[in-house]
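Chains as they are written, first to last, in our numbering: chain A, 1 to 233; chain B, 234 to 466; chain C, 467 to 699; chain D, 700 to 932.
Treat the hints as calculated values from the structure; they're not laboratory data.
Please note that the accuracy of each hint is not assured.
Calculated pairs, BS3-like style, for lysine-lysine (alpha carbon to alpha carbon, straight line, at most 27 Å) [as the list claims (entries may be wrong)]: (1) 496/C / 526/C; (2) 567/C / 800/D; (3) 334/B / 567/C.
Here are some chain D residues the structure puts well away from chain C; computed CB gaps all over 10 Å [as the list claims (entries may be wrong)]: (4) 704; (5) 707; (6) 750; (7) 886.
Beta-carbon label-pair distances, calculated as ranges [to be verified]: (8) 74/A / 799/D: 17 to 27 Å; (9) 167/A / 812/D: 20 to 30 Å; (10) 565/C / 884/D: 35 to 45 Å; (11) 205/A / 582/C: 16 to 26 Å; (12) 539/C / 884/D: 51 to 61 Å; (13) 723/D / 579/C: 22 to 32 Å.
Glycine included, each C-beta is placed from N, C-alpha and C at the ideal position.
Protein chains: 4
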Amino acid sequence: MLKNIKIVPPFFEIGPKAYMYGDEMLALAKAIDEAAGEFDVRVILTPQYTDIYRVSQAVKNVLVFAQHMDPLPVGRGLGSVLPEAVKAAGASGVMLNHAEKPLTLAGLRACIARAEEVGLYTIVCADSIAEAAAIARLAPDVIVCEPTDLIGTGTVSDDEYVRASTGAVKSVNPDILVLQGAGISGPDDVYRVIRAGAEATGTTSGVMKAADKAAMARAMLEAVRRGWDAAHP
Amino acid sequence: MLKNIKIVPPFFEIGPKAYMYGDEMLALAKAIDEAAGEFDVRVILTPQYTDIYRVSQAVKNVLVFAQHMDPLPVGRGLGSVLPEAVKAAGASGVMLNHAEKPLTLAGLRACIARAEEVGLYTIVCADSIAEAAAIARLAPDVIVCEPTDLIGTGTVSDDEYVRASTGAVKSVNPDILVLQGAGISGPDDVYRVIRAGAEATGTTSGVMKAADKAAMARAMLEAVRRGWDAAHP
Amino acid sequence: MLKNIKIVPPFFEIGPKAYMYGDEMLALAKAIDEAAGEFDVRVILTPQYTDIYRVSQAVKNVLVFAQHMDPLPVGRGLGSVLPEAVKAAGASGVMLNHAEKPLTLAGLRACIARAEEVGLYTIVCADSIAEAAAIARLAPDVIVCEPTDLIGTGTVSDDEYVRASTGAVKSVNPDILVLQGAGISGPDDVYRVIRAGAEATGTTSGVMKAADKAAMARAMLEAVRRGWDAAHP
Amino acid sequence: MLKNIKIVPPFFEIGPKAYMYGDEMLALAKAIDEAAGEFDVRVILTPQYTDIYRVSQAVKNVLVFAQHMDPLPVGRGLGSVLPEAVKAAGASGVMLNHAEKPLTLAGLRACIARAEEVGLYTIVCADSIAEAAAIARLAPDVIVCEPTDLIGTGTVSDDEYVRASTGAVKSVNPDILVLQGAGISGPDDVYRVIRAGAEATGTTSGVMKAADKAAMARAMLEAVRRGWDAAHP
Numbered sequence: 001m002l003k004n005i006k007i008v009p010p011f012f013e014i015g016p017k018a019y020m021y022g023d024e025m026l027a028l029a030k031a032i033d034e035a036a037g038e039f040d041v042r043v044i045l046t047p048q049y050t051d052i053y054r055v056s057q058a059v060k061n062v063l064v065f066a067q068h069m070d071p072l073p074v075g076r077g078l079g080s081v082l083p084e085a086v087k088a089a090g091a092s093g094v095m096l097n098h099a100e101k102p103l104t105l106a107g108l109r110a111c112i113a114r115a116e117e118v119g120l121y122t123i124v125c126a127d128s129i130a131e132a133a134a135i136a137r138l139a140p141d142v143i144v145c146e147p148t149d150l151i152g153t154g155t156v157s158d159d160e161y162v163r164a165s166t167g168a169v170k171s172v173n174p175d176i177l178v179l180q181g182a183g184i185s186g187p188d189d190v191y192r193v194i195r196a197g198a199e200a201t202g203t204t205s206g207v208m209k210a211a212d213k214a215a216m217a218r219a220m221l222e223a224v225r226r227g228w229d230a231a232h233p
Numbered sequence: 234m235l236k237n238i239k240i241v242p243p244f245f246e247i248g249p250k251a252y253m254y255g256d257e258m259l260a261l262a263k264a265i266d267e268a269a270g271e272f273d274v275r276v277i278l279t280p281q282y283t284d285i286y287r288v289s290q291a292v293k294n295v296l297v298f299a300q301h302m303d304p305l306p307v308g309r310g311l312g313s314v315l316p317e318a319v320k321a322a323g324a325s326g327v328m329l330n331h332a333e334k335p336l337t338l339a340g341l342r343a344c345i346a347r348a349e350e351v352g353l354y355t356i357v358c359a360d361s362i363a364e365a366a367a368i369a370r371l372a373p374d375v376i377v378c379e380p381t382d383l384i385g386t387g388t389v390s391d392d393e394y395v396r397a398s399t400g401a402v403k404s405v406n407p408d409i410l411v412l413q414g415a416g417i418s419g420p421d422d423v424y425r426v427i428r429a430g431a432e433a434t435g436t437t438s439g440v441m442k443a444a445d446k447a448a449m450a451r452a453m454l455e456a457v458r459r460g461w462d463a464a465h466p
Numbered sequence: 467m468l469k470n471i472k473i474v475p476p477f478f479e480i481g482p483k484a485y486m487y488g489d490e491m492l493a494l495a496k497a498i499d500e501a502a503g504e505f506d507v508r509v510i511l512t513p514q515y516t517d518i519y520r521v522s523q524a525v526k527n528v529l530v531f532a533q534h535m536d537p538l539p540v541g542r543g544l545g546s547v548l549p550e551a552v553k554a555a556g557a558s559g560v561m562l563n564h565a566e567k568p569l570t571l572a573g574l575r576a577c578i579a580r581a582e583e584v585g586l587y588t589i590v591c592a593d594s595i596a597e598a599a600a601i602a603r604l605a606p607d608v609i610v611c612e613p614t615d616l617i618g619t620g621t622v623s624d625d626e627y628v629r630a631s632t633g634a635v636k637s638v639n640p641d642i643l644v645l646q647g648a649g650i651s652g653p654d655d656v657y658r659v660i661r662a663g664a665e666a667t668g669t670t671s672g673v674m675k676a677a678d679k680a681a682m683a684r685a686m687l688e689a690v691r692r693g694w695d696a697a698h699p
Numbered sequence: 700m701l702k703n704i705k706i707v708p709p710f711f712e713i714g715p716k717a718y719m720y721g722d723e724m725l726a727l728a729k730a731i732d733e734a735a736g737e738f739d740v741r742v743i744l745t746p747q748y749t750d751i752y753r754v755s756q757a758v759k760n761v762l763v764f765a766q767h768m769d770p771l772p773v774g775r776g777l778g779s780v781l782p783e784a785v786k787a788a789g790a791s792g793v794m795l796n797h798a799e800k801p802l803t804l805a806g807l808r809a810c811i812a813r814a815e816e817v818g819l820y821t822i823v824c825a826d827s828i829a830e831a832a833a834i835a836r837l838a839p840d841v842i843v844c845e846p847t848d849l850i851g852t853g854t855v856s857d858d859e860y861v862r863a864s865t866g867a868v869k870s871v872n873p874d875i876l877v878l879q880g881a882g883i884s885g886p887d888d889v890y891r892v893i894r895a896g897a898e899a900t901g902t903t904s905g906v907m908k909a910a911d912k913a914a915m916a917r918a919m920l921e922a923v924r925r926g927w928d929a930a931h932p
């Protein structure tokens, strides 16, 4: 099955988690979609499962991803999130192994295989450089690097941070895209990370806790474009 | 928040689990909806999370239930099924504690409380009479009784089976509705259970594995009505 | 199989959790054993699995319980805690469904059945009066009542607290013993709860965080005896 | 903290899982210990947690490993297997991520770090070559390779099998020992795998389901020695 939109850098992930749903999610998705087109930045948006259909119907530039899925085949499995159902609802991909929904290694491998099978992109979260390098062996499309063991050391510059985590992944598999996920709270953070060489970054609370969520998302996407153009003149 | 349709006996639960999704689910839901109206039987239908919105929009006589939900509040919780999102997508209720998605006792209690809070019915599964009596203490709307310790004993008649499990629940809380969930594979099974005094029954594989699923669902709903009228002349 | 020591009120549960192990656990167990004899109070002690054998060998008046077990049969199941192995190591019983190790309802029922089968007492934790009443249906030997929904309300007296939670259990099954587990931090708390009519109480941090753990355990056991004699003159 | 016995090839893992416990486990451990000395083969034995202490006290040539442990620190965590308690009971190491006790990637990383901290060896199970390579990034002491995607293909020779899986691990980290875990049911299987170049192999059912378990274990250890000497003349 075809994946409709190709993920190319620079891109940006917005994770509503369980903060937002229904009509409010739909309205924000439309605003993000418009900004994504305006600044020519791919956006991965991960709404609640129940909102995948409505959001998918309403966007053109946004890649809708499920927050998680289960690797089961069609059949039994009450309460599961079936890969085929995620795809049929309009999703382009799935996030896996977030710290709030960790997977066993065997489960992660099975999910990546199932995603490949039904035509879903995979974005897999890593909590350290060692974990990112391990996950790279499983060949997902995107790895989210949040190397908590580097955060807060003070002596590590933004450039070194981006370089080390990206390098750990690319040395295993250069085709995997890397998203730098460290504590983005505003457009300045976005600019700095992308300007430092990152292919992508993203946020949950930066948008979800903003007074004007649509305006914040738009400002961040503008910062992605500006940072990217400065880093790749 | 209001629950739109009241659950009254006789009713019937159809559980697609991970057997069906997308357009095929939608088409079957419409056929079930029509038969539910024709025979004046309430139906609880539990599609994949991703199909709740589409199915809810398409039915009038069917109560759409989520297969499961998580008791978390609005906020963090990536990969979760938020009660508010389930409700906003159009669901009337939620199934909980199925053998394929078991809950801790504390988690079950929390889910029932959250369902109450957002206005969702609860249908809770029990795998024995002891478990059904325990769950009755938590006051869900419906309990599914699949007393595996009685099944296959041979000496227990249908009437005794229905009476014992229903009695265990009603003696704790007479307001709880009881669904008899023992191996329904065709309309004759449906008729026999309802005729024996059950308020409700249901199936997954009976419909999901039928050659003509819509026809089988219709035949089972007809059997519910016929059994009920025979038992309550 | 016989359970060696009978649990009779008043009794007291000391839960080392993961605070203590090895030689320190053994030394404390011996001190507790001596005090349990001195004040004629049954003590349930729940060491790490790895310490069950050594502690069991060293005590006479203390009932050694596992902190948890799995309901699996003899056979496969790597990483499990086999009921037969717990029994063979010298344990008299097992704690189940603690908030830090919650069980599904079906799992709890299976564990109680397996405990019965191999000859282990069961002490099951409940986080509310509704949960205590539900668990009572499964007929464990002891229920720990920590009705968090009553704690901190201010208007509820100790006597009411003990009466309500004990009553909820006993009305279902009068043979089940009830342990009142609310925030015991010193001998005065122990005295007050037992004096108010409780059959048992217990602590983790009250002993584990005491400067002199053996002395604190001894003082608490003395308070159990004193409170019991005052309440049952 | 020191690890007492060094793991050097050839070695052999015997996994009692939940098949055996108590006095029978102790007697078998003693027989294995004697054979391990006789044939100068290191043995990793993974009894139930409750048997670690007794078995450790009774053996000289056998490395006793826990079947699993939790990465929690000393403190709260009822029902957990504390790394310090495992070590204090006499274990030399811990098995992690077996298919019957799978770990999240973050949990596996945390367990390996905790094992390092308290002085326990780690033997980590992988269900495929991709997973083995991923786990190698986390630097455990031993990886168990059970590449299920190769098993049963027929066209793959023993030599190729051993070479591919060992190579995948060693190319990431040559210090990691590799145990070939494919379906050993008798001494001939043991000889063949070790003769093909494996550093180690092991079994559960091969010993646990044998009529004379001690004799079977002894025959397998003899086969390890014979195969090793033939492969390394």
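Evaluated hints:
1. 496/C / 526/C: holds (9 Å)
2. 567/C / 800/D: holds (16 Å)
3. 334/B / 567/C: With Cα atoms ~18 Å apart, residue 334/B and residue 567/C stay inside 27 Å; holds.
4. 704: Holds, because the least Cβ-Cβ distance between residue 704/D and chain C comes to about 19 Å, which exceeds 10 Å.
5. 707: holds (25 Å)
6. 750: About 7 Å separates residue 750/D from the closest Cβ of chain C, which leaves it inside 10 Å; violated.
7. 886: Residue 886/D is indeed farther than 10 Å from all Cβ atoms of chain C, at 23 Å.
8. 74/A / 799/D: 17 to 27 Å: This hint holds: roughly 26 Å between Cβ atoms.
9. 167/A / 812/D: 20 to 30 Å: holds (22 Å)
10. 565/C / 884/D: 35 to 45 Å: holds (44 Å)
11. 205/A / 582/C: 16 to 26 Å: Violated - the Cβ-Cβ distance for residue 205/A and residue 582/C, about 49 Å, lies outside 16 to 26 Å.
12. 539/C / 884/D: 51 to 61 Å: violated (22 Å)
13. 723/D / 579/C: 22 to 32 Å: holds (24 Å)
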